[in-house]
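Q: Sequence:
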Amino acid sequence: MSPATGGRAARRSAVLPHAPAPGSLPTPRPTRTPAAILPTGGAPPGELSLGYLATHRPEAMLAKANESAVKFTAGAVAGAMGKTATAPFDRLKLLMQVKGGLEGGAIGEAAARGSLLQSFVAIGRQEGLLGYWRGNAAQVVRVLPYSACQLVSYDAFKALLTDQETGELTVQRKLLAGAFAGMFSTVATYPLDTLRLRMAVDPAAVTFGGAVRGILRDGGAPAFYRGVGTALCGIAPYMALELGAFDSLPQQVPAFARGFAAALIATSVCYPLDTVRRQMQMARAGTSAGAVLRAALASEGYRGLYRGFLPNAVKNLPNKAIRLGVYDLVKKAVATSQDAYRDEQRRVPALN
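Per my numbering, numbering of the sequence shown is gapless, rising by one per residue and ending at 679.
Simulated from the structure, these hints should not be mistaken for laboratory data. Wrong hints could be hidden among the right ones.
In silico DSSO-like cross-links for lysine-lysine, where the CA-CA straight-line distance does not exceed 30 angstroms [as the list claims (entries may be wrong)]:
| # | residue 1 | residue 2 |
| --- | --- | --- |
| 1 | Lys-485 | Lys-398 |
| 2 | Lys-659 | Lys-391 |
| 3 | Lys-659 | Lys-398 |
| 4 | Lys-485 | Lys-658 |
Label pairs and their calculated CB-CB ranges [unchecked claim]:
| # | residue 1 | residue 2 | range |
| --- | --- | --- | --- |
| 5 | Gln-453 | Leu-377 | 24 to 30 angstroms |
| 6 | Gln-453 | Gln-499 | 46 to 52 angstroms |
| 7 | Ala-433 | Leu-488 | 48 to 54 angstroms |
| 8 | Leu-456 | Thr-663 | 36 to 42 angstroms |
Beta carbons are placed, not taken as given, at the ideal position from N, Cα and C, and that holds for glycine.
Please build the complete structure, drawing on both the sequences and the hints.
A: The structure is reproduced here in C-alpha cells:
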C-alpha cells in the first residue's frame with residue numbers, strides 16, 4: 328500500500344465510527360431530553376420548571392404560583408361560596424333586623440311582627456324561589472373583595488405583629504390583628520354592603536342602578552357610608568374574636584369545626600352592634616347611633632337588639648365555617664407544595 332493510500336485510510340478511520348468488536352453491543356447514541364422536562368428547562372437557574380414538576384413532583388406545582396395571588400383568590404372564592412350557600416337566611420336576618428324595611432305586602436307584615444317562619448313562607452309566595460337570593464348578586468360582588476382583603480390582611484397584620492426575635496405571636500396580638508383586618512376590609516367595601524342591604528329590603532331597588540339612585544336620593548354620596556362608625560365599632564371586636572379564636576383553638580380540630588365555633592363566640596357577643604348598624608343604614612340622614620339604640624331599647628328592650636339572631640346564626644355559622652375552612656385548607660396546600668418544591672430542589676443533583 329502506497330503512503331498516499333495509507334494516509335487516506337487513516338483519515339477515514341479518524342472520521343468514521345469504529346465498528347464494534349464481534350459479539351459486543353453497539354454504543355447507544357445519546358438522546359436529547361426535551362427542555363420542558365429538564366429540571367431547569369425554561370426556568371431561571373436554580374428553579375424547577377413546571378414541565379419537570381408535572382412529570383416528577385405534581386404536588387409541588389402550586390409553589391410556582393404567586394403565593395399572595397393564590398391566597399387572595401382563595402379568600403374571595405371561599406367567601407362567595409359561603410355567602411351564596413346561606414343567602415336565604417341572610418335575607419331573612421336583614422328583614423328581621425329592620426322590621427321589614429321598605430317591603431310591603433305579606434313579607435313586610437310578617438317581618439314587622441318578627442315571625443321568622445311567616446317571613447320565610449311569604450318570600451316564597453310573593454317572589455318565588457329566586458326571592459330568597461334577592462340582593463345576593465350585590466352580596467357576592469361585595470364579599471369577593473371583602474373576604475379576600477380580610478383574610479389576606481389578617482395574615483399580613485399577624486406577620487407585622489409577630490415578635491421578630493422570638494417569632495412569637497401572643498393571643499392578644501392575634502386579637503389585634505383580627506381587629507385591624509376587620510376594619511380595613513370594612514372601610515374598603517362598605518358602599519357595597521349598603522347597596523346589598525338596600526336591594527334586600529327595598530322592592531323598588533331591584534337593580535344596582537335603582538339601589539344607587541335610591542341611596543343618593545336619601546342622603547347623597549355620604550349615605551353610602553352611613554353607619555360606618557358603628558360598623559367599625561362592631562367589626563373590630565367581632566373579627567378579633569372570630570379570627571383570634573380560630574387561630575387559638577386546638578389545631579388538631581378540623582378547620583371547619585374551628586370556624587364554626589369561632590363564629591359562634593363572635594356572633595353571640597357582637598350581634599347587638601350589628602343590629603344598630605343595620606337600623607342606622609335605613610334611618611334618615613343625621614340619625615345618631617345613640618338615638619337608634621335608645622329607640623330599639625324603648626321599643627323591645629334588649630331582646631330587640633337580637634332580632635334576627637336565629638336566622639343569622641343559621642346563616643353565619645356554616646358560612647364562616649366554609650370560608651375559614653376553605654381558606655385554611657388552601658394555605659396548608661400552599662405550604663405543603665412549597666415544602667415539596669424545596670425537597671425536590673435538594674433531590675435533583677443538577678441544581679446542587
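Q: Now, for every hint given, state plainly whether the structure supports it.
A: Hints versus structure:
| no. | hint | result |
| --- | --- | --- |
| 1 | Lys-485 x Lys-398 | holds (15 angstroms) |
| 2 | Lys-659 x Lys-391 | holds (15 angstroms) |
| 3 | Lys-659 x Lys-398 | holds (11 angstroms) |
| 4 | Lys-485 x Lys-658 | holds (15 angstroms) |
| 5 | Gln-453 x Leu-377: 24 to 30 angstroms | violated (53 angstroms) |
| 6 | Gln-453 x Gln-499: 46 to 52 angstroms | holds (49 angstroms) |
| 7 | Ala-433 x Leu-488: 48 to 54 angstroms | holds (51 angstroms) |
| 8 | Leu-456 x Thr-663: 36 to 42 angstroms | holds (41 angstroms) |
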